[in-house]
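**Q** Sequence:
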Amino acid sequence: MTELYVGLMSGTSLVGVDGVLADFTAPGPDLLRVVAHAHRPFPPALAAELLALNSAGGAGELHRAALAGNALARGYAEVVEAVLAASGTPRDQVRAIGAHGQTVRHRPREFDGTGYTLQLNSPALLAELCGIDVVADLRSRDLAAGGQGAPLAPAFHRAMFGRTGESVAVLNLGGIGNLTALRADGSTIGFDCGPGNALLDHWCRLHTGRAYDDGGSWAASGRVIEPLLERLRAEPYFTLPPPKSTGRDLFNPDWLQARLAASDPGAAPVDVQATLAELSAAACAADVQAHAAGARVLLVCGGGAFNGDLMRRLAARLPGIDVMCTDRRGLPADQVEACAFAWLARAFVRRECASVPSVTGATGARVLGALYPAG
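All letters in the sequence shown, in the order written, are residues 1 to 375 by our numbering.
Treat the hints with care, as some may be off.
[As the list claims (entries may be wrong)] Pair by pair, the computed Cβ-Cβ distance ranges are: (1) G57 <-> G113: 47 to 55 Å; (2) Q289 <-> T2: 38 to 46 Å; (3) A370 <-> R163: 41 to 49 Å; (4) D92 <-> A267: 56 to 64 Å; (5) P29 <-> P319: 26 to 34 Å; (6) A267 <-> Q289: 23 to 31 Å; (7) P29 <-> P227: 45 to 53 Å; (8) G113 <-> T164: 18 to 26 Å; (9) T2 <-> D264: 56 to 64 Å.
Read the hints as simulated data drawn from the structure, not as lab findings. Backbone N, C-alpha and C fix where the C-beta goes; we use that ideal spot for every residue, glycine too.
All chains, please: the whole structure from these sequences, using the hints.
**A** Structure representation (structure tokens):
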């Protein structure tokens with residue numbers, strides 16, 4: 001049976017879709033080989049709609065969410081076709097597509113004790129468009145078992161980057177920053193640290209019109225406003241013990257504006273950008289120090305790995321730890337999360353538990369996902 005899987009990732013940064021065609025029969029010690037990778041940016045209207053749907057309420061919300069899910073599936077299908085074309089792979093050679101969807105609400109354990117997590121997607125449409133089995137709905141089984149349903153990647157990080165007898169930390173710097181601590185004793189923990197790029201991108205878009213601060217050059221030209229940084233870091237989420245997960249439900253423009261208004265409403269925008277970069281670095285570094293003791297390497301993936309200013313701020317707060325992109329351990333930083341969803345699809349097909357109770361707080365490990373057959 002084929003061991004080719006497609007993994008798709010569209011994160012909270014709302015930049016677009018990354019897709020990989022991953023071969024899990026690669027010879028040698030490596031877990032997988034990336035046969036092809038493709039990226040497609042979100043059309044501006046879809047990105048704006050997904051961002052709007054992450055806010056509570058709104059007229060015609062259910063209608064708009066359904067149509068956005070369809071548009072997302074069509075975008076996913078384009079990426080699938082791109083990796084198949086780039087590699088010359090017939091679709092009948094691909095065992096399954098791992099399609100996580102786009103998280104628009106994440107409120108685990110709230111309200112009724114179980115809470116909910118909502119990912120926009122149309123996996124049936126994706127299966128119809130691609131003619132390939134689709135594995136989706138990857139969070140809800142863990143949530144039903146009392147877990148956070150997030151983060152999903154730590155089990156993959158262990159399989160991909162774990163080393164016997166060595167402590168390694170993996171930091172995904174997407175819209176939200178999440179940390180995986182792979183401890184030398186074989187145990188794994190992981191959780192969301194707080195904002196990664198989401199607030200940085202929002203502030204950059206608001207004041208420069210650019211989608212993001214390329215390389216962090218704008219933030220690097222500003223100065224950190226210490227009273228504002230202190231107020232931002234006073235957010236109770238940062239001191240909650242894991243397991244924990246978060247998203248734009250908490251770290252959103254309203255959250256930022258309330259703290260800016262109370263601290264320094266007349267601050268220069270460039271200085272606020274510098275302060276937000278320092279917030280992301282400070283929150284992630286503090287969690288590395290608190291929960292990844294003994295790690296001498298921090299592997300960074302996600303869009304933030306390409307932000308030189310953010311990487312420098314991280315390194316400055318983590319003396320004695322080698323802060324590097326995952327490229328140096330064999331997997332490019334912009335492919336890690338998509339590979340994780342290919343791996344999760346494979347785990348579902350093999351009916352292997354892919355959740356980590358020490359990460360999510362669930363009562364036990366579970367098989368994650370639901371199948372949408374091609375035919």
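**Q** Each hint: holds or not?
**A** Against the structure, the hints:
1. G57 <-> G113: 47 to 55 Å: With a Cβ separation near 24 Å, G57 and G113 fall outside 47 to 55 Å, so the hint is violated.
2. Q289 <-> T2: 38 to 46 Å: Taking Cβ atoms as reference, Q289 and T2 lie about 43 Å apart, which means the hint holds.
3. A370 <-> R163: 41 to 49 Å: violated (33 Å)
4. D92 <-> A267: 56 to 64 Å: holds (57 Å)
5. P29 <-> P319: 26 to 34 Å: Between P29 and P319, where Cβ atoms are some 31 Å apart, the hint holds.
6. A267 <-> Q289: 23 to 31 Å: Given a distance of about 28 Å, which is inside 23 to 31 Å, the answer is holds.
7. P29 <-> P227: 45 to 53 Å: holds (50 Å)
8. G113 <-> T164: 18 to 26 Å: Once the Cβ atoms are compared, 39 Å apart, the range 18 to 26 Å for T164 and G113 is violated.
9. T2 <-> D264: 56 to 64 Å: holds (57 Å)
Of the numbered hints given earlier, the model fails hints 1, 3 and 8; all others are met.
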